[in-house]
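Modelling step: build the complete structure from the supplied sequences, incorporating the hints.
Number of protein chains: 2
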Amino acid sequence: MATTTLGEFDLIARYFTRAPRRAVLGVGDDCALLAPLPAGQQLAVSCDMLVEGRHFLSTVAPQRLGHKALAVNLSDLAACGAEPVAFTLALAMPRVDEDFLEGFSRGLFALADAHSVDLVGGDTTAGPLNICITVLGAVPGGQALLRSGARPGDELWVSHPPDGGLGDARLALEVFRGSVALTGDSLEAVRLRMECPTPRVALGVALRGVATSAIDLSDGLVGDLGHVLARSAVGATVNADALPRSAVLAAMPRAMQHECTLAGGDDYELLFSAPPGAESQVIAAAKRAELAVARIGRIDAAPGLRIVDGLGAPLLQRFVAFDHFRTAS
Amino acid sequence: MATTTLGEFDLIARYFTRAPRRAVLGVGDDCALLAPLPAGQQLAVSCDMLVEGRHFLSTVAPQRLGHKALAVNLSDLAACGAEPVAFTLALAMPRVDEDFLEGFSRGLFALADAHSVDLVGGDTTAGPLNICITVLGAVPGGQALLRSGARPGDELWVSHPPDGGLGDARLALEVFRGSVALTGDSLEAVRLRMECPTPRVALGVALRGVATSAIDLSDGLVGDLGHVLARSAVGATVNADALPRSAVLAAMPRAMQHECTLAGGDDYELLFSAPPGAESQVIAAAKRAELAVARIGRIDAAPGLRIVDGLGAPLLQRFVAFDHFRTAS
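Protein chains in written order, with the numbering used here: chain Z, 651 to 979; chain X, 651 to 979.
Where hints are given, some of them may not hold.
Here are the in silico distance ranges between beta carbons for each label pair [to be verified]:
#1 Z/Ala-689 with X/Ser-930: 33 to 43 Å
#2 Z/Arg-664 with X/Asp-660: 39 to 49 Å
#3 Z/Pro-812 with X/Arg-672: 17 to 27 Å
#4 Z/Glu-752 with X/Ala-663: 34 to 44 Å
#5 Z/Pro-812 with X/Asp-660: 37 to 47 Å
#6 Z/Pro-744 with X/Pro-802: 40 to 50 Å
#7 Z/Arg-664 with X/Ala-711: 55 to 65 Å
Honestly, the hints are just simulated from the structure, not real lab data. Ideal Cβ positions, reconstructed from N, Cα and C, are used throughout, including at glycine.
The following block contains the structure:
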């Protein structure tokens, strides 16, 4: 590990300062400056803080951590149908570790470049490892996808990779916890889903005007859907057997499949509602984003969340959403 | 201390969710939404992370900490001449402590209200105490005060309260470190300067079109001025005896006065340059902001920073700027 006495301003210059693509003024002054958004666009803002042991394991490669720190924020923009514009990064580290900084910044900027989003400012300081990113995006006025738009009768959909599904990140976590044994390609596949989530930005944009509500799956489907139901003042029925899952997860015991898909967390897929007649538009939007979508349930007028199996029989299990103050990591 | 099992979403609802004054959509969805800025305005963005033991002492009252966390960010907007619009807050805490949250949020929102700035989003999580705020502001295009605009011949100015100066925050820190003895009103006065800095937002706005460069004093005058000199490719001469100081600091030994005013940190006053003919405009701007200003030196074509006494004789002391990876807290 290369631990040096590189100072705060030197490390910002070396690892985090690049010419902005779109910003008027990037890193290095008291503030960054962004040009006004195109006429009619609203600014979308979101913020996530990642703490070691809570949001990532100490074993994660720095490059993957840099990717994930930005990915989970871009995922919030995706859930609103917003396009990324810029972000700030604040980083507390116990010491200046240049190997860490090199890998972290490489993973961060690779994803930033893929979305043409500028790092425009931030802060670095000594302290327990903590990563805080705030993202700014643009969305046409009135077209943002909100949690509050689900209506009774809407169908519930979830995105997934053509060869994957929900719950893989949780399965990987269970491997690290020692409760599941996986090796080789199977382990690497689910580990990649945990450590390198892909924000569904193109899908969010394609769903504008199609989806009635949306949220990104970060704390587990049951908990995240609960936010949609609360803000939309509706209920829902979800078919647990319809939740998409990878071949690796599908080989696990059924209870584990349900636990991982319903309450897994860290999926970063989009969960959204759309009117029953919108099926072809939903599928076309997913195709534009090179993703698959699964229809997993419906929005009900009756409050509450009902989880059933493929035959419509209620599942009795209770699934608890991830709460950063209540759930052990 | 009231430590409860209040969950992540409950505590956000209880302490950090208020109807936004200006934002289209505030806390509670994947993103907040802000209406476009008025025509011709640029978005100013800045971000600061505060870590216990580095940026504040564990003895600070939660209300003052809430104030300071936002104040240091608003101070960055002030240094650019931007007006505050909105901010995000990410907060990592070892446990849910409602006494802390009540005081912290009270101090935070009191300052937010004073500047009509909305808390539009954020994150809370378990972890070592860490506060990260990103502020968004608005400034007319091309009018932002930058570090890069100082020109040889410009005069250097610093803001200060009519009855105070630079270095009080550092003096307070020295009291807590045990190297200086102060009690009663004197201690409370300097402690307030350390724990409750006032962002000079009105002064920053008033200095648009008057100042040629500006920076807020957070890491100490010598270091912060160094950033201006580097980005403006100029040098400067500063008269250490012209630096404003409070009656409490002025009663200290001269070496301590110089250390605190030149390298103290945490002042959050504005250091700015202006052409020699702009004196009356500078004084008028300060008056509008109900502040005093002191002329402390000049910008030189020759690189480097020269610190002299009131008779122009060089001061031989070396002052080191605060670096969060190099300086013990």
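Consistency of the hints with the structure:
Here the CB-CB span from Z/Ala-689 to X/Ser-930 is close to 40 Å, well matched to the stated 33 to 43 Å. About 42 Å separates the C-beta atoms of Z/Arg-664 and X/Asp-660, a value consistent with the hinted range of 39 to 49 Å. As the Cβ distance of Z/Pro-812 to X/Arg-672 is approximately 43 Å, the hint placing it in 17 to 27 Å is violated. Checked against the hint of 34 to 44 Å, the C-beta distance between Z/Glu-752 and X/Ala-663 comes to roughly 41 Å, which is consistent with it.
Separated by about 38 Å at the C-beta atoms, Z/Pro-812 and X/Asp-660 satisfy the suggested range of 37 to 47 Å. Between Z/Pro-744 and X/Pro-802, the C-beta spacing of about 42 Å keeps the proposed range 40 to 50 Å intact. Taking 55 to 65 Å as the suggested C-beta distance range, the pair Z/Arg-664 and X/Ala-711 does not conform, at roughly 38 Å.
The structure shown violates the earlier hints numbered 3 and 7.
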